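*Asks:* Following the hints, position chain G against chain S.
Chains as they are written, first to last, in our numbering: chain S, 144 to 302; chain G, 55 to 350.
Hints in this document: simulated from the structure, not taken from any laboratory. Quantities reported herein were computed from a predicted structural model and do not represent experimental measurements. Backbone N, C-alpha and C fix where the C-beta goes; we use that ideal spot for every residue, glycine too. Hints may contain errors.
[Claimed, not checked] Simulated restraints, written as ranges between beta carbons of each label pair: (1) G/LYS218 - S/CYS185: 47 to 57 angstroms; (2) G/THR324 - S/VAL156: 50 to 60 angstroms; (3) S/ILE187 - G/SER68: 13 to 23 angstroms; (4) S/HIS214 - G/SER202: 30 to 40 angstroms; (5) G/ARG316 - S/CYS185: 26 to 36 angstroms; (6) S/GLU221 - G/GLU211: 45 to 55 angstroms; (7) S/GLY245 - G/PHE122: 37 to 47 angstroms; (8) G/THR76 - S/SER150: 18 to 28 angstroms; (9) G/ASN61 - S/GLY245: 49 to 59 angstroms; (10) S/GLY297 - G/PRO89: 16 to 26 angstroms; (11) G/THR324 - S/CYS185: 26 to 36 angstroms; (12) S/VAL156 - G/TYR327: 50 to 60 angstroms; (13) S/THR282 - G/SER202: 32 to 42 angstroms.
[Unchecked claim] Okay, derived cross-link-like pairs now, DSBU-like style, lysine-lysine, Cα gap no bigger than 35 angstroms in a straight line: (14) S/LYS260 - G/LYS297; (15) G/LYS125 - S/LYS159; (16) S/LYS231 - G/LYS143; (17) G/LYS236 - G/LYS126; (18) S/LYS146 - G/LYS103; (19) G/LYS223 - G/LYS143; (20) G/LYS118 - S/LYS260; (21) S/LYS260 - G/LYS143; (22) G/LYS103 - S/LYS159; (23) G/LYS159 - G/LYS126; (24) G/LYS103 - G/LYS236; (25) G/LYS348 - S/LYS146; (26) S/LYS159 - G/LYS118; (27) S/LYS159 - S/LYS231; (28) G/LYS143 - G/LYS348; (29) G/LYS210 - G/LYS301; (30) G/LYS112 - S/LYS260; (31) S/LYS289 - G/LYS143; (32) G/LYS126 - G/LYS238; (33) G/LYS143 - S/LYS159; (34) S/LYS146 - G/LYS301; (35) S/LYS289 - G/LYS223; (36) G/LYS159 - G/LYS103; (37) G/LYS103 - G/LYS86; (38) G/LYS125 - S/LYS146; (39) G/LYS125 - G/LYS238; (40) S/LYS159 - G/LYS86.
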Amino acid sequence: MTKIAISFTINGVRRKLEVEPNELLMNCIRDQLHLTGTKYVCGIGECGACTVLLNQEPILSCLTLAVDADHGEVVTIEGISAGKELDKVQQAFVDEGAVQCGYCIPGLIMMTESLLKENPTPTENEVRDYLRGNLCRCTGYMNVLKAITKAAAGGKGSA
Amino acid sequence: MYTNQINTRLLYPSFNYFEPTTPEETVQLLAKYGPDAVILAGGTDLLIKMKEGLIEPKTIIRVKHPSFIEKKPDGFHIGAATKLRTLEKSRAVIETFPALLEAIKLIGSVQIRYMATLGGNLCNASPAADTAPPLLVMDAEVRILGPSGERVVPLKEFFLGPGKTVLSKSEILTEIRIPPFKGKTGTAFIRLSRASMDIAKISIAVLLHLEDGGKVVSARIALGSVAPTPILANKAAEILIGKSLTKETVARAAEAVADEIRPITDIRGTAEYRKEVSHVIARDALEVARRRAKEN
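Chain S on its own, in the form it takes in the complex (with noise of 0.2 angstroms):
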């Protein structure tokens, strides 16, 4: 099939590549551009892993075709700390030992971020609500919480 050419940007830098048509976004972002923090897990949208911020909205990059992010704007977990200066959301994870395996971690920071900025103080039944597409098998949700609860407070601590 001919290749279809799209340009977006990435973590706020401009690329233009060229993608299949049945070219995943996680596929793009994984294998063209060597972001690897992006994971797959389910591969079929019951687990969130792969969550990454397209026009600001959090979507499955499992789920979604490459040549959706033409004239776009991506944001993965690459995209959201200053150089080695963790963002809050995720210094907040490392403080409260939000973080087991790991694997689901970074679709769980993406959706943080997103729900944050649609509410920066969530109840804790949203936080749920919002969170219930992230699956997270070491089954370390009480830390997520924690994290996520002093994230929205401004990072000066939850508890």
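*Replies:* For chain G alone, kept in the frame of chain S given last:
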């Protein structure tokens, strides 16, 4: 057929890809590429079916429009490509259509709702499609565009079976219209599922239009996951017409719902279970709709 049970990382095999900008152009492409072409809306059902090897389209036509919510004298018009998340955040849906809002909020995850569209949920024609029962009780109509022009079909005639609708291979769904409510009207939606992300074991939507005195002027009850398509339980709804919503009347209508449905046993629940809970959720949904009707 090639069945992919191992690798959902790739979408395989490849396909021709088109991104038309108008519904007319979409219809022309469908006419040209024929039965091997499919419409891609949000992709949350289609791409999974492709990864699982259930379908192998040779041509994919991506549809991003029309996306809008407009209030007109004949009701609310919603573009078929409007995303569920857009509807969930829209003031019109929040204020006017609580049953539709309740159904949308139960669909998938936030990410899925940022991708999936209302038209996609209907055209996928799952017996469990959560937006179908609320739209059925609200007497919604769908606008269809094909090579020979437009036609309007009541939603209750739209579904033919699992994955099957009245759309021909060269037609597309462009718009959904919800007629205005009359007087004191209330709606409700209830769904039972194992965990929040799961597909419905059974779902029910109710619409009640009441007189000032509380008697029922009109009523509609619709269910999901109890038949090959989402269905209206007309006999149960008829029991309510002209009556006050006493405990006995509600119980009779709820029992009639259980009699009217034809559920099957599958991985999500048994036919017996679905029959048994149907009258419980019918009673609950009628009560919520009654309360909302009185408040309106």
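*Asks:* Does G/LYS348 pair with S/LYS146 here, judged by a C-alpha cut-off of 35 angstroms?
*Replies:* Given that 35 angstroms is the threshold and the Cα spacing comes to 59 angstroms, the pair is violated.
*Asks:* For the pair we were handed, S/LYS146 and G/LYS103, check the Cα-Cα distance against 35 angstroms.
*Replies:* holds, 23 angstroms
*Asks:* Check the following: the C-beta atoms of S/GLY297 and G/PRO89 are separated by a distance inside 16 to 26 angstroms.
*Replies:* violated, 57 angstroms
*Asks:* Can the suggested window of 49 to 59 angstroms be confirmed for the beta-carbon pair G/ASN61 and S/GLY245?
*Replies:* Since G/ASN61 and S/GLY245 have Cβ atoms about 23 angstroms apart, the given range 49 to 59 angstroms is violated.
*Asks:* Checking one constraint from the list: CA of S/LYS289 to CA of G/LYS143, max 35 angstroms. Satisfied?
*Replies:* Status holds; Cα separation ~27 angstroms.
*Asks:* Assess, step by step, whether the Cα of S/LYS159 is no farther than 35 angstroms from the Cα of G/LYS86, and give holds or violated.
*Replies:* Distance ~31 angstroms between S/LYS159 and G/LYS86 Cα, so the pair holds.
*Asks:* Hint check: G/LYS223 vs G/LYS143, CA-CA at most 35 angstroms. Holds or violated?
*Replies:* Status holds; Cα separation ~33 angstroms.
*Asks:* Check the hint pairing S/LYS159 with G/LYS118 against an upper bound of 35 angstroms on the C-alpha distance.
*Replies:* holds, 22 angstroms
*Asks:* Is it true that the CA of G/LYS210 sits at most 35 angstroms from the CA of G/LYS301?
*Replies:* holds, 29 angstroms
*Asks:* Do the Cβ positions of S/GLU221 and G/GLU211 conform to the proposed distance bound of 45 to 55 angstroms?
*Replies:* holds, 50 angstroms
*Asks:* Lying within 13 to 23 angstroms: is that true of the beta-carbon distance S/ILE187 to G/SER68?
*Replies:* Hint holds: Cβ distance 19 angstroms, inside 13 to 23 angstroms.
*Asks:* Under the criterion that the straight-line Cα-Cα distance not exceed 35 angstroms, is the pair G/LYS103, G/LYS236 satisfied?
*Replies:* Distance ~41 angstroms between G/LYS103 and G/LYS236 Cα, so the pair is violated.
Checked against the numbered hints given earlier, this structure breaks hints 1, 9, 10, 13, 14, 15, 24, 25, 30, 34, 35 and 38; the rest are met.
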